[in-house]
Amino acid sequence: MKIDITKKLAQLKNDGRKVLGCFPLYPPLELFYAMDLVPVVLWGLRGTATDTTESDRHLQNYTCSVARHLTEFALSNGSGLLDGLFMYNACDTLRNLPEIIEKEWEKIGQALPLIKVHIPMVLPAQTDATAYFKNEINHLIKDLEERFDVLFSKDKFVQAVKQIKYVRDLMARAENRVTDGHLSFLNFVDAIHECWFSTVEEQIRILESLIDELSDEPAFSADKDSRHGVILSGILPPPTSVIHAIESSGLRIVGNDIASLGRSYASMPETREDPAAYFLDFYYQHFPCPTLLYTGDRRTTSLLGLVDKTGAKGVIFVGEKFCEYEYFEFPHLVQQLKDKGIQTLEIEIAIEDDAQTSAHDSRVSAFSEILKNNF
Amino acid sequence: MPEKLKTEKLKTNAGRHLSKMVGDTYMDLHAKSAQGAFVVWIAINVPAELFLGFENVVYGVPESHAALTAAKGVGVLQCEKAEHMGYSMDLCSYARIDIGSVSDGGKDSPTFGLPKPDLLVSDNNNCSLLVKWFDVHHRRMGVPHFVIDVPFCYEPQKDKDRKYIIQQFNDLIRTIEEMSGQKFDMDKALAAVSNTSEGIVHWKRFLSFAENRPSGITAFDSFVQMAPFLVARGTSQFVDHYKLLAQETEQRVRDGQFPVPGEKYRLFWDNIAPWHQLRDMSGSLAKLGANIVGATYTSCIGTVEGSFDFYAFDGDDPLEYCARTQNCYICPHGMNLRGKSMQAVVEKLNIDGIVFASNRSCKPYSVTQLDQQKLMTDQFGVPSVMIDVDHADARKYSKESTFTRLEALLENIEAKRAA
Ligand code: SF4
Ligand code: SF4
Chain A
5 MKIDITKKLA
15 QLKNDGRKVL
25 GCFPLYPPLE
35 LFYAMDLVPV
45 VLWGLRGTAT
55 DTTESDRHLQ
65 NYTCSVARHL
75 TEFALSNGSG
85 LLDGLFMYNA
95 CDTLRNLPEI
105 IEKEWEKIGQ
115 ALPLIKVHIP
125 MVLPAQTDAT
135 AYFKNEINHL
145 IKDLEERFDV
155 LFSKDKFVQA
165 VKQIKYVRDL
175 MARAENRVTD
185 GHLSFLNFVD
195 AIHECWFSTV
205 EEQIRILESL
215 IDELSDEPAF
225 SADKDSRHGV
235 ILSGILPPPT
245 SVIHAIESSG
255 LRIVGNDIAS
265 LGRSYASMPE
275 TREDPAAYFL
285 DFYYQHFPCP
295 TLLYTGDRRT
305 TSLLGLVDKT
315 GAKGVIFVGE
325 KFCEYEYFEF
335 PHLVQQLKDK
345 GIQTLEIEIA
355 IEDDAQTSAH
365 DSRVSAFSEI
375 LKNNF
Chain B
39 MPEKLKTEKL
49 KTNAGRHLSK
59 MVGDTYMDLH
69 AKSAQGAFVV
79 WIAINVPAEL
89 FLGFENVVYG
99 VPESHAALTA
109 AKGVGVLQCE
119 KAEHMGYSMD
129 LCSYARIDIG
139 SVSDGGKDSP
149 TFGLPKPDLL
159 VSDNNNCSLL
169 VKWFDVHHRR
179 MGVPHFVIDV
189 PFCYEPQKDK
199 DRKYIIQQFN
209 DLIRTIEEMS
219 GQKFDMDKAL
229 AAVSNTSEGI
239 VHWKRFLSFA
249 ENRPSGITAF
259 DSFVQMAPFL
269 VARGTSQFVD
279 HYKLLAQETE
289 QRVRDGQFPV
299 PGEKYRLFWD
309 NIAPWHQLRD
319 MSGSLAKLGA
329 NIVGATYTSC
339 IGTVEGSFDF
349 YAFDGDDPLE
359 YCARTQNCYI
369 CPHGMNLRGK
379 SMQAVVEKLN
389 IDGIVFASNR
399 SCKPYSVTQL
409 DQQKLMTDQF
419 GVPSVMIDVD
429 HADARKYSKE
439 STFTRLEALL
449 ENIEAKRAA
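Just so you know, the protein sequences line up as chains A and B, in that order.
Numbering (the numbering used here) for the first sequence: 5 to 379.
Numbering (the numbering used here) for the second sequence: 39 to 457.
Simulated from the structure, these hints should not be mistaken for lab results.
Just so it is clear, CB atoms sit at the ideal spot from N, CA and C, and this is done for glycine as well.
Keeping only pairs whose Cα atoms sit at most 20 Å apart, straight-line, the calculated EDC-like set for lysine to aspartate or glutamate is:
no. : chain 1 : residue 1 : chain 2 : residue 2
1   : A       : K120      : B       : D199
2   : A       : K169      : A       : E205
3   : A       : K325      : B       : E121
4   : A       : K325      : B       : E118
5   : A       : K138      : B       : D197
6   : A       : K313      : A       : D173
7   : B       : K378      : A       : E110
8   : A       : K138      : B       : D199
9   : A       : K158      : A       : E277
10  : A       : K120      : B       : E193
11  : B       : K412      : A       : E106
12  : A       : K325      : B       : D128
13  : A       : K146      : B       : D197
14  : A       : K160      : A       : D285
15  : B       : K378      : A       : E106
16  : A       : K6        : A       : E212
17  : A       : K111      : B       : D416
18  : B       : K437      : B       : E449
19  : B       : K201      : A       : D132
20  : A       : K169      : A       : D40
21  : B       : K198      : A       : D147
FRET-style restraints, in silico, Cβ to Cβ:
no. : chain 1 : residue 1 : chain 2 : residue 2 : range
22  : B       : P182      : A       : E277      : 31 to 39 Å
23  : A       : S157      : B       : K201      : 25 to 33 Å
24  : A       : N377      : B       : D142      : 29 to 37 Å
25  : B       : K145      : A       : R302      : 27 to 35 Å
26  : B       : K221      : A       : R367      : 54 to 62 Å
27  : A       : A281      : B       : D142      : 43 to 51 Å
Please take these sequences and the hints and turn them into a complete structure.
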């Protein structure tokens, strides 16, 4: 990870911005931008602290590293860098964090606003959650207005929607450059990661320069066509050394089904003035993710579709240890892919893997050999 | 468990009645399914009373079946089957037991598994992983899956959330009507909810004998006696059973019969029952003069968030009551609400020490336990201990290290008394 998150957040604060820490991954960003807040999605916090001492006082070691890093960040330096926390209903681990964080912040006299919204998880064909969701969004707007002394305006909302659309489009374009071999996946991940902690204007600048500054020469020395394409699937991208291992073992990452990457920017609803209508589309049309319970039925087809579209020969599942959401789906997905002749590899990333990933690296090399021998 | 206690336990009418009731219910479920009943598999907090509003809809509870499987000693065998299919050992052991059991048609199940469902109804209230678990069945069996979405409660349930839940109950009813061709009868559902509420009155009375010194019950008895909530809610047998249990327990207390007569330490349990250790753990504790007299797991039944007091049905709208009590189980309570309920019951039962069972299979129950422990010990001065127990996977339990810690807790209690 190249960016210094603490520094980025301190900079935003110095610039007088109101920073809202958000989790999990798909908060209503456009709404926050429209209300002059800077939402930062609190993921990829691996590396913001040297250990998880604070978090270990609150979370058992069988919670995932995402939750532990997030807690560590929030409790060690988060309160001074944020103006509030936003969360929507998440997994069984994350849903318990707000109160833990809130209590600890209170103890140090930093009672920051904690804003919660419930995103309906019902299947649209089963229950019409429109009215409920509209009410949630209207409440959220009112809450933000009161707490941050800001005002919602439809014009600004539409403008934010357009900006975010452009950002997501740029992210997809940058990913295409990874696919065609002009951008290393690692640089791509770093850029997207930086975007999570930047204003929307800055995100546009980061992504435009990333794309513009690419040379016409492919990043890989060998001919891209001789490298077998693989798709990465998981919650977070794998640690740097594993990405290195993938790219240096003769594989090419041609697509990703990563929650913090592709799943976040793959779908973009139609522009609308009404935030409730817009976000209902946003959540219901979202690229399938195990954390969005109603997308379960679309998950297999979307992953198989991605394989077809990219011509990938293999899928590497990057499991976040203790993430039930992901692990309940792997066996089925693996079988479906196998039935189509697609090779799969499952690697499990645990908190200890911050320091030690050599076992994964060798498995990646072996996987690359299998692909070479099979295709 | 000492032989004397074991014999006493087996002799209770409520114990015998329970075994028969549970056995009969599973057999009845298979029989009705074979005769064409509409079969629903549900999460424990889906209001089973709704199914009693139909003429011929029966339900099975995979979590309950998994608990029974673990208690009968075949939990690990079923878990291993799921693991061989590729399901991670880190997943909830109930889910692994269930997936393993379904994989070969309930071959090693104490109840021959559950009959194949026509509909799966999950509920993300206790945990959202359950939705993913039922999705596994949905894909493997090709059975529709209805998801009840219940907002987590950091505060007492809000009207808007209750309305949303009721809306979903209505949708569920409509779905079953369409799929089964049967008509829902609200009066029948009302009668079922009344029965549940009445049965819980007796359940609460049964639990109240823990206030006696020595306690009239152990939490282990109450764990076992939870089964009717999962298999017979809403029926008249449910009421009769808990009435019998309460009356019999009252009589035993009057007669001076106590599960741990030399009770020196009154403990409280936080987490799901250690199904594979019930007998062994209660017996070993009794030898130390300790009795786990209560548990969050059993106290929360029939309550609403933030309190373990009984929440009665007012006889009016059954859907309203079912929605209001959606948060009764402990997992959907936020940390503050949990602390509030726990503190009150710990005081009421005169608890000397709390056993927090950290359960890697159940994050909804376990995450926040470290904070709860701190709250109970630092703020309310109740000694406590954290032990590691997986509720249904015996491979993740060590008696030796557990009892080292439990003995340390008893020493702490002694030290506190001496001070
Ligand atoms: S990785 Fe999984 S378990 Fe961890 S926070 Fe994300 S969804 Fe929850
Ligand atoms: S995780 Fe806990 S609440 Fe969820 S099914 Fe397993 S035991 Fe039950």
